[in-house]
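Listed in order, the protein sequences are those of chains P and V. Counting the first sequence from 1 gives a position; the numbering used here is that position plus 1331. Counting the second sequence from 1 gives a position; the numbering used here is that position plus 220.
It is worth saying that the hints were derived from the structure and are not from the lab. The structure displayed is predicted, hence computed values, not measured ones. Be aware that a few hints might be false.
[Said to hold, decoys possible] What follows is a set of in silico ranges between Cβ atoms, one per label pair, in the way DEER data are often shown:
1) Leu-318/V with Tyr-1456/P: 48 to 58 angstroms
2) Gln-1446/P with Ser-277/V: 16 to 26 angstroms
3) Met-1332/P with Leu-317/V: 57 to 67 angstroms
4) Glu-1475/P with Leu-318/V: 32 to 42 angstroms
5) Leu-317/V with Ile-1340/P: 44 to 54 angstroms
6) Val-288/V with Gly-1453/P: 23 to 33 angstroms
7) Asp-313/V with Leu-1471/P: 27 to 37 angstroms
8) Ala-1386/P with Ser-277/V: 46 to 56 angstroms
For every residue, glycine included, the Cβ atom is placed at its ideal position computed from N, Cα and C.
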Amino acid sequence: MFHLVLFLIFAVICVAGALNFLLQRHPVNSALSLIVVMGSLALLFLLLGAEFVAAVQVIVYAGAVMVLFVFVIMLLNAGEEEKTRGNKVALALGVPGLIAFFILICWTVSAARSQLGRVSIGDFYVPTQQLGIALFREFLLPFEVTSVLVLIAIMGAVVLARRERQ
Amino acid sequence: MIPLSWYVILGAILFAIGVASFLIKRNIITIFMSIELMLNAVNLTFIAFASRWHQVSGQVFVFFVMVVAAAEAAVGLAIVLAVFRTRETLNVDQVNLLKL
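Take the sequences, apply the hints, and build the full model.
This is the structure we're talking about:
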């Protein structure tokens, strides 16, 4: 019951934030509603017993990545986006395709509902220690590869954002 | 006790909204943010399945997704800065040539 109420509250906040993200025309408003989505997703992660992932979600996503976005929006002085008619083909193919994709997922999930089963609060709890052991033993090679990827991304960002000298 | 399918359908709703805003939005920064929304929806399904089948590896994968998203945001925003310097616009409809 407790789990159900909390899930419904944060799921509704999540979907409302995502819809607000879609409907707002100013990029700063979109960024702030995306932060709402990420915060409520962190609480849904907590309900599923992933406390360290929830903390990282708040610190890295809602903190670092969104600060970067808001910084760039303010640096470029991005105003409200102009109303354009957009690409006709993208709308004509994209919207029905999207609806079909969504219906397909819902149909597949409801067909496999009995196999998917149920989750309850406190059923599965991952301490940070266990997560660290998994990350540094089983997933050591992907972890190291990811660190190289981040290094390349940092260098690429510095090179791309540098002003060209005449 | 709630069904796992609710979490999966919530992830599908968020992903669909992300795809819709990717198609509809015209501002290049907002398009980047809708990619982040889609990645978040995927993370939710990862965590939900990890919780259902008691696997830690699902949560480890979420970390990798987060790192890739952060790297993509850094490089992507640097590209946005470079595009804005040369074109003076953020509207993707006006950025349709590789060459100036």
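Taking the hints in turn, this is what the structure says about them:
| no. | hint | in the structure |
| --- | --- | --- |
| 1 | Leu-318/V with Tyr-1456/P: 48 to 58 angstroms | holds, 51 angstroms |
| 2 | Gln-1446/P with Ser-277/V: 16 to 26 angstroms | holds, 20 angstroms |
| 3 | Met-1332/P with Leu-317/V: 57 to 67 angstroms | holds, 58 angstroms |
| 4 | Glu-1475/P with Leu-318/V: 32 to 42 angstroms | holds, 35 angstroms |
| 5 | Leu-317/V with Ile-1340/P: 44 to 54 angstroms | holds, 48 angstroms |
| 6 | Val-288/V with Gly-1453/P: 23 to 33 angstroms | holds, 31 angstroms |
| 7 | Asp-313/V with Leu-1471/P: 27 to 37 angstroms | violated, 46 angstroms |
| 8 | Ala-1386/P with Ser-277/V: 46 to 56 angstroms | violated, 19 angstroms |
Comparing the model with each numbered hint stated earlier shows that hints 7, 8 do not hold.
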